[in-house]
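Protein sequences, first through last, are from chains C and R.
The opening position of the first sequence corresponds to residue 1381 in the numbering used here, with each subsequent residue numbered one higher.
The opening position of the second sequence corresponds to residue 342 in the numbering used here, with each subsequent residue numbered one higher.
Don't read these hints as lab results, they were simulated from the structure.
In this text, a Cβ means the ideal position worked out from N, Cα and C, and glycines have one as well.
Incorrect hints may appear among the rest.
Said to hold, decoys possible - Each pair of labels, with its calculated beta carbon distance range:
(1) C:GLU1478 to R:PRO718: 54 to 62 Å
(2) C:GLN1427 to R:HIS375: 17 to 25 Å
(3) C:PRO1428 to R:GLY622: 47 to 55 Å
(4) R:ALA647 to C:GLY1450: 17 to 25 Å
(5) R:ALA693 to C:ARG1426: 36 to 44 Å
(6) R:THR565 to C:GLN1427: 30 to 38 Å
(7) C:GLY1503 to R:LEU596: 52 to 60 Å
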Amino acid sequence: MASIILFSPFAASAGIIVHPGVEGRSISTVSLRNIYTLRQTLWPNRQPIVIFVLPDDHPVHEAFAKEKLGLYPYRLRQTWDRLSFSGMASAPVEVKDENEMRARVRATPGAIGYTSKDTGHDGIKILRLE
Amino acid sequence: MTASRFSGWNKLLLGGLLTASSAWADAPADSRYHIQGFAAQGLIGSTNNQFFGDSRDTVSTDFTEAGLHGSWQPLDALRLSGQVLYRRAGESDRDGVRLDYAQADWRFYQTDVTRLGLKLGKVKLPYGLYNETRDVPFTRPGILLPQSVYVDNSRDLLLAAPGVFLHGASAQKYGATDFLLGWVRPDFDSESVDYSFLGNVRSGKLKGKGTLGARLRWDTPTDTTLMLTYADARADYAPGSVDALAAGSMRFRNLLATVQQRFDTVTLTAEYGEPRLDLRGFGALPDTHRTIQAAYLQGEWRFHPAWELMLRHDLFYRDKNDKNGRQFQAATGLPAHGMFVRDWTLGLRWDATPSLMLRAEYHRVDGTGWLPGPDNPDFLGREQRWNMWLLQAAYRF
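Next up, chain C with everything else stripped away, as it sits in the complex (with noise of 0.2 Å):
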């Protein structure tokens, strides 16, 4: 999308993370927004994905959204809102930091998530976007 440099004053490239427990090595970007607009829910071995997600106002999430999802995150919060209000669906799991969103997609089976950089940590998997 375009205009998005018009909203993003952020440089900050964000890493999708998983649980290391979930299979492959990259995602699809197509993929990767089906999971974040709750029309995925499950891996292709049918495991629950569990989404986790930082503030709606937390740079790193802006980041996110913009640049892997190519959607601002006031679309992404009315489409969590209309799902979830609605009973159709379960809004991701919020997050308050980034140290937390690694502790939980460590913690949680099928877990994703995304950090502020494409760096490793310990008990966390780091999918390439494709």
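Since chain C is already given, all that's left is putting chain R on it; use the hints.
Just chain R now, with coordinates in the frame of chain C:
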């Protein structure tokens, strides 16, 4: 819905929900359960007519919404969810706290890209883009939904009803599709519904019969949403002890088309429907077969991450073949402007924090076709041209 009718079904479901919620407290803090809620207060001022309370030439504080929503996934394939709602909207809604919905959703077939499920209970009714979360202020495009399509006058019919829906979804290269197909028994028995369909409050009762509901939705890879909603509802009238009306029956059918295109920070939305209303055998009320026309065009512009402007033109004709209401006036002696509404709306939204939203909205209205009856009981006292402003503060947790 009156207090006496907050019984049976509702009590049972509410009881179940509360029992379940006390069990959640012991569950580990993971993603299997979720509780969220909201509270909102509005201020309304208007000229010439009343809207949600005493708003004419003064300020009504009679528009309050609050909700507590819970969902629990005891199994991967089973989701229980429900919402308790408090709503006050002038004389039109004085029911206070009620169970909005309580449903069980069983996903009996699931892969990473497709699913099929069955939801049952007091289920949320699919209708257009906004109906399922119409009482959650954050999910609406404005303080009020476009009244042509989402008529607050008939909201009891559209909210939720005991029944069952088969649903499915698929995410593929050509986009995401989903469908709902179901059978419900909607609630026709309210003063506002009497006003909309029978012209006034009636002493008897409209009893809903089986209603077919279906919705097809396609979200294309180009950020376009296309949707069709169909409903076919029937109700029988049981006259009161002293009643001018006979035991008639009514049928209400509607096919609603939705188009939404999302560009970068701009969202354009249009919905169009031609609901058909048939009344038969009501005695004093002549047999009626009319086609209503309801449509709006709306633009939303997120000009700053926390600010949004909305402009909408909303059209409502109670009879497609008598848009200006002259035939109606000649036949009944009632004002012609009760048969139509043309409404220009300008709205501003500010998400002050992720949990606090403030909104302002201005309506320039020509016609009284969807003016809330209980707030304006004197037909002859209603005026054709009126304006309205609204402010709303909404908090979520």
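Consistency of the hints with the structure:
1. C:GLU1478 to R:PRO718: 54 to 62 Å: Hint holds: Cβ distance 59 Å, inside 54 to 62 Å.
2. C:GLN1427 to R:HIS375: 17 to 25 Å: At 20 Å between Cβs, range holds.
3. C:PRO1428 to R:GLY622: 47 to 55 Å: Given a distance of about 53 Å, which is inside 47 to 55 Å, the answer is holds.
4. R:ALA647 to C:GLY1450: 17 to 25 Å: Holds: the Cβ-Cβ distance is about 20 Å, inside 17 to 25 Å.
5. R:ALA693 to C:ARG1426: 36 to 44 Å: The hinted range 36 to 44 Å holds for R:ALA693 and C:ARG1426, with Cβ atoms some 42 Å apart.
6. R:THR565 to C:GLN1427: 30 to 38 Å: 32 Å, holds
7. C:GLY1503 to R:LEU596: 52 to 60 Å: 53 Å, holds
No hint from the list above goes unmet by this structure.
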